[in-house]
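A.B. asks: Take a look at the letters that make up each chain.
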Amino acid sequence: MKKTIMGNHAVSYGVRASEAKVISAYPITPQTHVVELLSEMCANGEIDAKFIKVESEHSAMAACVGASAAGSRAFTATSSQGLLLMTEMLHWAVGSRLPIVLANINRAIGPPWSIWTDQNDSLSMRDVGWVQIYCESNQETQDTIPQAFKIAEQLQLPVMLVLDAFFLSHTYEIVDILEAEEVRDFLPPYKPEIKLDVNEPHSFGNLASPDYYMELRYMIEEAMGEARELIKKTGKEFGERFGREYGLVHPYRCDDAETILVCSGTVASTVRAVIDQMREEGIKIGSLKMRVFRPFPFEEVREILGSAKKVAVLDRNISFGGHGIFFQEVKSALYGFTDIPVVGYILGLGGRDVTPEVLREVADKAINDKNPETYINWIGVKK
Amino acid sequence: MFNYLKFIRTRNFPHIWCPGCGDGIILKALIRAIDGLDISRDEAVMVSGIGCSSRTPGYVDINTLHTTHGRALPFATGVKHASPDLNVIVVTGDGDATAIGGNHYIHAARRNINLTVLLYNNYIYGMTGGQCSPTTPRGDRASTAPYGNIEPPFNTAGLAISAGASFVARADVYNVKRCEKMIRQALEKDGFSLVEILTPCPTAYGRRNRMANPVKLMEWLRDNTVPVQKWEKLSPEEREGKVRVGVLADTEKPEFTAEYRKLIERVQGE
Ligand SMILES: Cc1ncc(C[n+]2csc(CCOP(=O)(O)OP(=O)(O)O)c2C)c(N)n1
Ligand code: SF4
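Taken in sequence, the protein lines are chains B and X. The first sequence begins at 1 in our numbering and counts up one residue at a time. The second sequence begins at 1 in our numbering and counts up one residue at a time.
A portion of the hints provided could be inaccurate.
Computed footprint of chain B on chain X, listed as stretches where at least three residues anywhere in the stretch have a Cβ under 8 Å from a Cβ of chain B [to be verified]:
| hint | stretch |
| --- | --- |
| 1 | 18 to 30 |
| 2 | 60 to 74 |
| 3 | 99 to 109 |
| 4 | 158 to 164 |
Sample of chain B residues lacking proximity to chain X, with all beta carbon distances greater than 12 Å (derived) [as the list claims (entries may be wrong)]:
| hint | residue |
| --- | --- |
| 5 | Met-1 |
| 6 | Lys-53 |
| 7 | Ser-56 |
| 8 | Gln-81 |
| 9 | Glu-226 |
| 10 | Lys-382 |
In case anyone wonders, no lab produced these hints; they're calculated from the structure. C-beta: ideal position from N, C-alpha, C; glycine also.
Given these sequences and hints, build the entire structure.
C.D. replies: Below, the structure written as structure tokens:
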């Protein structure tokens with residue numbers, strides 16, 4: 001069945017289709033609709049899940065950790081300050097190897113207060129050990145949730161979906177709604193190998209001496225390594241069943257492109273429109289959307305960007321004193337494989353609109369600047 | 001007429017509050033109380049967390065600190081500890097103070113640090129659109145309790161009393177004179193002083209609870225608040241569904257920054 005729904009509700013419908021058993025969350029703009037609809041669905045029986053109202057995001061993730069350790073499929077959603085407050089528990093979910101799924105609505109961090117989008121909240125969690133998937137449309141958002149649970153449960157690693165505030169969270173699009181019955185074969189009920197069980201007791205979160213700690217960290221990294229293939233395989237299987245497949249990355253008109261714009265989130269749709277326009281003018285340009293950020297898709301990035309003459313990375317984030325974060329990552333992925341110039345552009349922070357005109361400016365700059373003065377360029381800063 | 005403008009940052013107007021919101025009434029009562037006590041603007045600091053209520057300092061022309069959700073009290077503790085001579089006023093909501101910041105709330109009261117805390121209780125998370133808060137009454141509806149809330153609420157004022165606050169009062173925006181008086185007493189008191197102020201939120205609370213019309217919420221306050229003296233004379237049945245207002249606790253207890261100073265003097269010598 002098709003419905004016109006907002007991005008936040010696409011998350012809720014994805015969770016409903018995945019038959020999560022425990023949902024715990026604390027409200028924060030612009031995430032509130034996700035959990036309001038879920039709490040309604042829990043109450044009216046549309047989903048057979050328990051909804052736990054808590055007193056903060058820290059408690060929300062702690063409740064998910066508990067529920068997941070007890071063997072339930074657990075979900076939460078948050079944004080910005082809420083994600084930051086959750087940090088300790090985000091680490092805990094990874095270390096305990098619990099397959100929780102979280103939707104984070106990208107919102108700028110205060111002060112000064114802002115409720116508008118940028119990626120610094122989720123990207124400040126890049127080293128925590130959560131798989132991170134950046135969504136671009138409402139359909140993709142809904143479809144990614146059951147895939148996220150499937151991936152998480154196989155890897156025993158938590159997965160974070162990331163959505164741009166307002167541009168995705170509050171935008172209405174037509175979505176082919178997934179029903180639990182049709183998803184169940186794809187995503188069977190969660191059956192953990194290890195859980196809190198009175199008949200077969202296990203402990204989560206024990207002390208590890210220097211003799212063991214490193215091995216446990218090694219195993220997390222190993223799981224992240226496996227995630228690349230698993231995300232692709234799971235995406236393919238979902239595609240075969242439902243006719244919609246999303247990869248680790250999404251290259252667009254890259255085959256003969258001399259310049260490639262690397263982007264993520266909703267900006268990618270606008271980028272493609274600009275690429276089409278420039279192609280009509282005979283300019284050889286393409287784009288590479290980064291859908292999965294953790295684990296970083298090294299191979300795909302190297303293969304697709306390797307044939308270009310120039311790469312421009314668009315960052316809706318900033319690592320102060322260390323450039324844009326996608327820029328750093330793309331550059332380090334290319335190290336030793338190619339010596340084409342990679343230039344970074346910081347734009348759209350705190351919800352500043354990234355219009356086709358802005359992107360055209362970036363593309364022209366990227367093509368024409370033969371020797372860019374610096375590898376980090378701020379777009380549209382008022383001086 | 002009282003001139004509010006000398007305390008108002010008009011450049012931040014128009015304010016964010018909805019028509020019928022009670023928060024502006026508290027703002028004006030607070031300004032009158034500050035003015036009545038001749039507190040100098042440079043010696044007053046207002047600290048708030050996040051929420052509609054916590055927007056108050058944005059409109060007051062004194063030193064202000066708008067902090068993160070739930071953390072106004074630790075920020076204020078830092079300010080007061082660093083400069084005990086400052087008059088530190090904290091503005092917080094029921095969610096801010098008793099949900100995400102609940103831990104700070106009991107510990108600040110326990111320490112009895114000299115802060116004046118105005119807790120705007122509208123029984124709901126207003127700013128985020130009406131989710132249940134720890135003060136939402138049982139059975140009331142919220143966006144996260146579409147079929148009625150099953151959790152018992154906190155007695156916020158009682159919590160502060162048992163945690164150790166030296167002054168605790170409850171007021172409401174209908175009886176605005178009393179509200180101003182309670183704020184003034186709290187400002188004068190040396191020690192952790194809480195005024196819980198019942199204030200209507202027609203948008204996020206009233207709409208879901210058959211009181212969308214702000215007048216209804218005001219009438220509710222008029223008809224259901226009972227001053228302490230009268231409360232004593234009521235039978236348990238008569239107290240059912242009513243809220244006690246007035247000064248609920250006023251005791252002399254050692255104040256934290258003073259105790260700290262004494263300790264330093266004792267250990268380091270005068
Ligand atoms: C860490 C964090 N979590 C959540 C939020 C979102 N948030 C902003 S205000 C608010 C609740 C406000 O309710 P209350 O404190 O009762 O104040 P009111 O708006 O009702 O005056 C919430 C949950 C936030 N800003 N930061
Ligand atoms: S939502 Fe409620 S508390 Fe917030 S401004 Fe509107 S009426 Fe006031």
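A.B. asks: State whether the coverage of the stretch 18 to 30 of chain X by chain B holds or is violated, taking the criterion as 3 or more residues with Cβ-Cβ distances under 8 Å.
C.D. replies: As far as the stretch 18 to 30 of chain X goes, the hint is violated, because 0 residues have Cβ atoms under 8 Å from chain B.
A.B. asks: Taking the closest pair, is the beta carbon of Lys-382(B) still more than 12 Å from chain X?
C.D. replies: The claim holds: Lys-382(B) sits with its nearest Cβ about 20 Å from chain X, beyond 12 Å.
A.B. asks: Just want to verify: Lys-53(B) was marked as not at the interface with chain X; is every Cβ pair farther apart than 12 Å?
C.D. replies: Given that some Cβ of chain X is not farther than 12 Å from that of Lys-53(B), nearest at about 6 Å, it is violated.
A.B. asks: Check the non-interface label on Gln-81(B): least C-beta distance to chain X beyond 12 Å or not.
C.D. replies: 6 Å, violated
A.B. asks: Minimum C-beta separation from Glu-226(B) to chain X exceeding 12 Å: can you confirm that?
C.D. replies: Correct as stated: the minimum Cβ-Cβ distance to chain X is 37 Å, above 12 Å.
A.B. asks: Closer than 8 Å, Cβ to Cβ, for at least three residues: run that test on the stretch 158 to 164 of chain X against chain B and report holds or violated.
C.D. replies: violated (count 0)
A.B. asks: Are there three or more residues in the stretch 99 to 109 of chain X whose C-beta lies within less than 8 Å of some C-beta in chain B?
C.D. replies: Since three or more residues must qualify, the claim that chain B covers the stretch 99 to 109 of chain X holds, with 3 doing so at under 8 Å.
A.B. asks: Count the residues of the stretch 60 to 74 of chain X whose Cβ falls closer than 8 Å to any Cβ of chain B, and tell me whether that reaches three.
C.D. replies: Satisfied; 4 residues make the cut.
A.B. asks: So Met-1(B) supposedly isn't at the interface. Is its beta-carbon more than 12 Å from every beta-carbon in chain X?
C.D. replies: 23 Å, holds
A.B. asks: Would you say Ser-56(B) is clear of chain X, with no C-beta pair closer than or equal to 12 Å?
C.D. replies: Since the minimum Cβ distance to chain X is about 4 Å, Ser-56(B) lies within 12 Å and the statement is violated.
Comparing the model with each numbered hint stated earlier shows that hints 1, 4, 6, 7, 8 do not hold.
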